[in-house]
Amino acid sequence: MSVHRRTPLPGVQRLARALALTAAATSALGLTVGGAAAAPLSPADPPSRSEVKQQVDQLYEEAERASEKYNAAQEQQKRLQSEAGSLQDQVAAGQEELNRMRGDLAAVAAAQYRSQGLDPTLRLMLDQDPAGYLTGARSLEQATVRQGDSLRELAERQRRLDERRYEAGAKLAELEQARQQLAAAKEDVHQRLARAQQLLNGLAPAERARMVADDAREARQRATRGTDRIDLGDQPPSSDRAAAALAAAISKIGSPYVYGSTGPRTFDCSGLMYWSWRQAGVTLPRTSQAQASAGRRVSLADARPGDLVIFYSDRHHVGMYAGGGVVVHAPYPGARVRYESVSAMPVNTVVRV
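Numbering (this note's numbering), first residue to last: 1 to 353.
Don't take every hint at face value.
To be verified - Calculated pairs, SDA-like style, for lysine to any residue (alpha carbon to alpha carbon, straight line, at most 20 Å):
1) Lys-252 to Ala-335
2) Lys-69 to Gly-85
3) Lys-69 to Lys-252
4) Lys-78 to Ala-173
5) Lys-171 to Arg-315
6) Lys-186 to Ser-293
By construction, these hints were calculated from the structure, which means they are not laboratory data. Fair warning: this is a prediction, and the values are worked out from it, not measured in the lab.
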């Protein structure tokens, strides 16, 4: 039985067939060579500067949101560490007291055993000092009553100690969960910042420099509403402390944004508010979400210098009202503390501390 082998196509035939397949595919996609229809961008085509800016801005906003989650997890971890440490101290002290009570009760029980080895009547007959014996017996009876009270107290203390141990164990488990959340939030921030940096690095140096310049110009325009200088108006702060906090925030204009930082050289958005109000003698909560409940709410129309302005529906950003429709804030990773129009972002809440 003979086997017939298919003769390979000559090179010219193979080329012709490839061209025919390419032409058919092009026709099916509705494209023409040299015609009016343009070929779509291939996946290898780099994004434009505007596309990079849009993606980077989105990543920075997501990173800031993740940064506030990181701050909240960090605060929770600190609180849980303190509570777990306090409970562990209570358990240690309770155990020490319990051991002391058990030792006292053991001594009383041993004395009872030694004294009650003989029948009480026989002891009275044989004792050379019957009056002394009776006095001792009464004392022993009283000690027995006290021992019963002590046993009940011992049982109650043991119950409370067991409760503290359970609470301490639960706190330690909660603390471990907080540590995991902290690590996840930190990794989330790092990934988004790394992706943003990767996009920026994909731009040519001239394009990257042009984008930075455009961002700076847009920021100035948003802050000054197109004027050459910032007009904060003449409205007074709501209090002397608000004035001190605002002066502190303004003094940090130009400082870099660094997530998780509360100064004095770098800040995230809520960190700048936290540091500024600390200079005025007031300790705010650490996160923008918690700062939204740090004082009395007022309307944006009634905002005065020093008030906190919370932005976005999830309250992941905060700035300080400086007057004239302008806030001072730490905008996002890669930017610096600056003035900005309060209308540049959606306002959620205004808080007077």
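Status of each hint after checking the structure:
no., hint, verdict
1, Lys-252 to Ala-335, "holds, 13 Å"
2, Lys-69 to Gly-85, "violated, 24 Å"
3, Lys-69 to Lys-252, "violated, 24 Å"
4, Lys-78 to Ala-173, "holds, 14 Å"
5, Lys-171 to Arg-315, "violated, 28 Å"
6, Lys-186 to Ser-293, "violated, 25 Å"
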